[in-house]
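Participant: Sequence:
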Amino acid sequence: MKFVLLPLLFSSASAFVSSGSKSPVKQVVLSESNFSIDNLPGALAPVGFFDPLGFAEKADANTLKRYREAEVTHGRVAMLATIGFLVGEQVEGSSFLF
Numbered sequence: 000m001k002f003v004l005l006p007l008l009f010s011s012a013s014a015f016v017s018s019g020s021k022s023p024v025k026q027v028v029l030s031e032s033n034f035s036i037d038n039l040p041g042a043l044a045p046v047g048f049f050d051p052l053g054f055a056e057k058a059d060a061n062t063l064k065r066y067r068e069a070e071v072t073h074g075r076v077a078m079l080a081t082i083g084f085l086v087g088e089q090v091e092g093s094s095f096l097f
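Sequential numbering of the sequence shown, starting at 0, is according to numbering that gives the first Met the number 0.
Be aware that a few hints might be false.
FRET-style restraints, in silico, Cβ to Cβ [as the list claims (entries may be wrong)]:
no., residue 1, residue 2, range
1, 91, 62, 36 to 44 Å
2, 49, 91, 14 to 22 Å
3, 78, 40, 16 to 24 Å
4, 6, 66, 13 to 21 Å
5, 47, 73, 20 to 28 Å
6, 67, 88, 30 to 38 Å
7, 49, 75, 17 to 25 Å
8, 6, 56, 41 to 49 Å
Think of the hints as simulated: they come from the structure by calculation, not from any bench.
Note that CB positions come from ideal geometry on N, CA and C, so glycine has one too.
Starting from the given sequences, assemble the full structure and let the hints guide the process.
Facilitator: Here it is in structure tokens:
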């Protein structure tokens, strides 16, 4: 079991390291002139921009960009917390540290 868990941990940690590939990465640059809620990445055609609590009504472009960045950051932290919880449940009592 330990031999299976160790490569799994290394493979999940490699997701946070840059690949170093030579292929160009497409970056979406949203300037103030062409910024709108409907052309944000993640706004889908049938639904459009999904904001059930109305946070975007009073927000300007920079605030919306900050909200989007915080959303991605919190999602990444939640994924790492889930992995940590699962690993902690698996290795409980199998080490002198726990």
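Participant: Evaluate the given range 14 to 22 Å for the C-beta pair formed by residue 49 and residue 91.
Facilitator: violated (39 Å)
Participant: Range first: 13 to 21 Å. Now tell me if the beta carbons of residue 6 and residue 66 are that far apart.
Facilitator: violated (37 Å)
Participant: Honestly, do residue 49 and residue 75 meet the 17 to 25 Å range at C-beta?
Facilitator: The hint (17 to 25 Å, Cβ to Cβ) holds, given that residue 49 and residue 75 are roughly 20 Å apart.
Participant: Cβ-Cβ distance between residue 6 and residue 56: within 41 to 49 Å?
Facilitator: About 47 Å separates the Cβ atoms of residue 6 and residue 56, which means 41 to 49 Å holds.
Participant: Do the Cβ positions of residue 67 and residue 88 conform to the proposed distance bound of 30 to 38 Å?
Facilitator: Between residue 67 and residue 88, where Cβ atoms are some 32 Å apart, the hint holds.
Participant: Between residue 78 and residue 40, does the C-beta distance stay in 16 to 24 Å?
Facilitator: holds (19 Å)
Participant: Please check whether residue 91 and residue 62 have a Cβ separation lying inside 36 to 44 Å.
Facilitator: Holds - the Cβ-Cβ distance for residue 91 and residue 62, about 43 Å, lies within 36 to 44 Å.
Participant: Note whether the CB distance of residue 47 and residue 73 lies within 20 to 28 Å or breaks it.
Facilitator: holds (23 Å)
Checked against the numbered hints above, the structure violates hints 2 and 4; every other hint is satisfied.
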